[in-house]
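A.B. asks: The primary structure of each chain is shown beneath.
2 protein chains.
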Amino acid sequence: MSEMRTVRGMRDLFGPEMRVRDFLMKTAIDVFQKFGYEPLDSPVVELWETLSAKGGEEVEAETFKFTDKGEREVGLRFDLTVPLARIVATNPHLPKPFKRYAVGKAWRYDRPQAGRYREFEQADVDIIGAASPAADAEVVLVALEFLRRIFSDKYRIKINNRKVLKGLTEQAGVPDSLAFECFRAIDKLDKIKREGVLEELENRSISKESSDFLIDAIAIKGSGASSLDKFREILTGSEIGIEGVDELLMMAEIFDEVGVGDKILFDMSLARGLDYYTGPVFEGRYLGKPKVGSILGGGRYDHLIEKFGGQPTPATGISLGIGRMIEVALARGLADKLLPELDVFIAPIKSPLVRYGMALQNDLVKQGISCEVD
Amino acid sequence: MSEMRTVRGMRDLFGPEMRVRDFLMKTAIDVFQKFGYEPLDSPVVELWETLSAKGGEEVEAETFKFTDKGEREVGLRFDLTVPLARIVATNPHLPKPFKRYAVGKAWRYDRPQAGRYREFEQADVDIIGAASPAADAEVVLVALEFLRRIFSDKYRIKINNRKVLKGLTEQAGVPDSLAFECFRAIDKLDKIKREGVLEELENRSISKESSDFLIDAIAIKGSGASSLDKFREILTGSEIGIEGVDELLMMAEIFDEVGVGDKILFDMSLARGLDYYTGPVFEGRYLGKPKVGSILGGGRYDHLIEKFGGQPTPATGISLGIGRMIEVALARGLADKLLPELDVFIAPIKSPLVRYGMALQNDLVKQGISCEVD
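Protein chains in written order, with our numbering: chain A, 28 to 401; chain B, 28 to 401.
The reader is advised that the hints may include incorrect statements.
One copy or any two copies: either way a pair holds, since identical chains are not told apart in the list.
In silico DSSO-like cross-links for lysine-lysine, where the CA-CA straight-line distance does not exceed 27 Å [stated by the list, open to error]:
no., residue 1, residue 2
1, Lys364, Lys123
2, Lys316, Lys393
3, Lys53, Lys257
4, Lys218, Lys123
5, Lys235, Lys92
6, Lys290, Lys393
7, Lys123, Lys393
8, Lys393, Lys185
9, Lys393, Lys364
10, Lys377, Lys123
11, Lys316, Lys248
12, Lys92, Lys81
13, Lys181, Lys393
14, Lys218, Lys248
15, Lys215, Lys290
16, Lys53, Lys81
17, Lys316, Lys257
18, Lys215, Lys248
19, Lys334, Lys53
20, Lys218, Lys318
21, Lys364, Lys53
22, Lys181, Lys290
23, Lys318, Lys220
24, Lys248, Lys318
Derived by calculation from the structure, the hints in this document are not laboratory data.
Please put together the full structure from these sequences, using the hints given.
C.D. replies: Right under this line is the structure:
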């Protein structure tokens, strides 16, 4: 018999990693519940019709898709947002705002890399039916409270607004049809630096003048409400841009009031790859070592529920990437603090005594005391 | 756009059902941990080579099987035992006894029925590397403690031993080659009654004399160690049969000592469908209404790890069928007791006050108090 393995890009979890994962999930659920979110679970398998409704060219290539015995095309969910959008679209009478959390696995047919798996855990909160930037601020606050409990203070959430980006391309004189391509190039600033972005913009037939304007603008960032003055200055004249700044300002005032302004960086270069965001967008990073890329992301997606056949419905949410956080938490020594603590260990000296040991064990467990019998 | 649905036989969970499911899972995990079991998680997708190693003709028909983009045959796991067997087989140096728990979804391509879904939740404990019936008794005690916490006293676990059944067919003069077919017929006693079993035995070319002997024997049942006297009497002369009774006796003594003897019914008709059990077998039922069939099952499977290419390794375990228990718990009104309790609700009277409300919310949550802002 050949040696049995896991499926490529997937892994068994036990020992320290498993303990850390469970702790992260448990902490996330506790924070979500404390903020008043209700749990929702949906099937791991969705109809292909549902999965493909989100659009984006990468869906087909990145999905575990198959045909079931009833000849239906189905696939494993690649996130927890699509099932939510399907549920909201098909249950128009759900009371709004609908604040739900979901924790569970999702699957992507990526190339497996160190720390990246084809099966991974996510923990999401979303608010459906609330258009105010206060809702965007709330999901960010939920994520911040989770990060506070896990990572001391070595974390930050970057925030921008798609409307700000739209205003920026307007101000730069970029035609509408090229705006989204611009966002994609801008989003790579961290990876490919200033020169890389300029090259990408050039390849997309953006004029030198426009590119120069954009590259200076996207360097603008800062914490707190006052840092948005620079955003406002550069966007003066663009209605949509200023609308975006006003939304960010309302979020900033909330963050300042809550006292977490220093954990937020308003950053004009943040675009987020997915094309369905319509307002504020968020991305979280761990600032210490190991560097693991983005550990959470989200934003406002006011048109997604319509794509799933539902009524126009404002929506915002944030997704915690539990998989990548496991690595960080392990490196920080969290696993040692989570060693299972056994209250009582009973070692019967002769085997006929085992049953007395087990009776004692049972009594202890009933009283909430953990106990093992050898 | 056509209306989006869940995949046939799968469902979304929210509201009361979701709260009940979460409570059942949380309770199961707490009991498992108190008894000293460690968590293990494995991928939802396994290679077909792994899934099919368990054997049994129904595996192919009942599995969500597909070919991935790398042209590998894979499938969704149909239980949590197969992944465990794979992991033990491929990690021969795992310290033994290895006591692990696993909670998660499994998938079976059954015909969907009321209360039966193609995607369902299980919660399992298993002990790998312990041959003593004390290990079998322990996993039963774990299940009993879980049932005690959830269902007051309306539950019972039936226990038998495959060795007892083997001895029974020996005593009945049934040829070895027909023994397993006999078990299958006997196992249906509850459903098809005495006459049905006799007919099935006749169809399997069992002689009238043998059938009469068997049908009387499998009516034998009782609680407590003394009830096994009747098992012993009828099996006198069969070495394997008496070995089986002795194992049950050791379990019975433990149950009596623990004080749960009245929750156990030793029942000679219990066989359990799966062919891989080698010793004690268990099946739990809820005795009140609604009737939902078996809510847990398990047994000893000493040869399964070899089938997965591992060393011969004794193993026993029990699986809680969380899906079916949700129905019972709902009918018992558990959901009402689990209504989410919000400690504080803040309703700002003017929208500029929202940020003060959110700051207060954040302070409260930090202190473990749940809070929502309107």
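A.B. asks: Regarding Lys215 and Lys290, is the shortest C-alpha distance of 27 Å or less found within a copy, between copies, in both, or in neither?
C.D. replies: Within one copy only: 22 Å inside, 64 Å across.
A.B. asks: Using 27 Å as the alpha-carbon threshold, which applies to Lys53 and Lys81: within, between, both, or neither?
C.D. replies: neither (29 Å within a copy, 33 Å between copies)
A.B. asks: As a check of your reading, is Lys248 near Lys318 (CA-CA no more than 27 Å) within one copy, between copies, both or neither?
C.D. replies: This pair counts as within: shortest intra-copy Cα distance 21 Å, inter-copy 63 Å.
A.B. asks: Can you tell me if Lys334 and Lys53 fall within 27 Å by alpha carbon in one copy, between copies, both or neither?
C.D. replies: Neither, since 33 Å and 36 Å both go past 27 Å.
A.B. asks: Classify it for me, Lys316 with Lys257: is the Cα-Cα distance of at most 27 Å met within a copy, between copies, both or neither?
C.D. replies: Neither: 31 Å inside a chain and 67 Å across chains, both beyond 27 Å.
A.B. asks: Tell me, please, which holds for Lys218 and Lys248 at an alpha-carbon limit of 27 Å: within, between, both or neither?
C.D. replies: within (17 Å within a copy, 71 Å between copies)
A.B. asks: When Cα atoms must be at most 27 Å apart, do Lys318 and Lys220 count as within-copy, between-copy, both, or neither?
C.D. replies: within (18 Å within a copy, 65 Å between copies)
A.B. asks: From the Cα coordinates, with 27 Å as the cut-off, is the pair Lys235 and Lys92 best called within, between, both, or neither?
C.D. replies: neither (43 Å within a copy, 53 Å between copies)
A.B. asks: Check Lys393 against Lys364 for me: Cα-Cα at most 27 Å, and say if that holds within a copy, between copies, both or neither.
C.D. replies: both (25 Å within a copy, 21 Å between copies)
A.B. asks: Is it within a copy, between copies, both, or neither that the alpha carbon of Lys218 lies no farther than 27 Å from that of Lys318?
C.D. replies: within (13 Å within a copy, 60 Å between copies)
A.B. asks: Should Lys215 paired with Lys248 be assigned to within, between, both, or neither, using CA atoms and 27 Å as the limit?
C.D. replies: within (16 Å within a copy, 71 Å between copies)
A.B. asks: How do Lys53 and Lys257 come out at 27 Å by Cα distance, when the copy is not named: within, between, both, or neither?
C.D. replies: Answer is neither: 40 Å inside a copy and 49 Å across each miss the 27 Å cutoff.
Hint compliance for this structure: hints 3, 4, 5, 16, 17, 19 are broken, all remaining hints hold.
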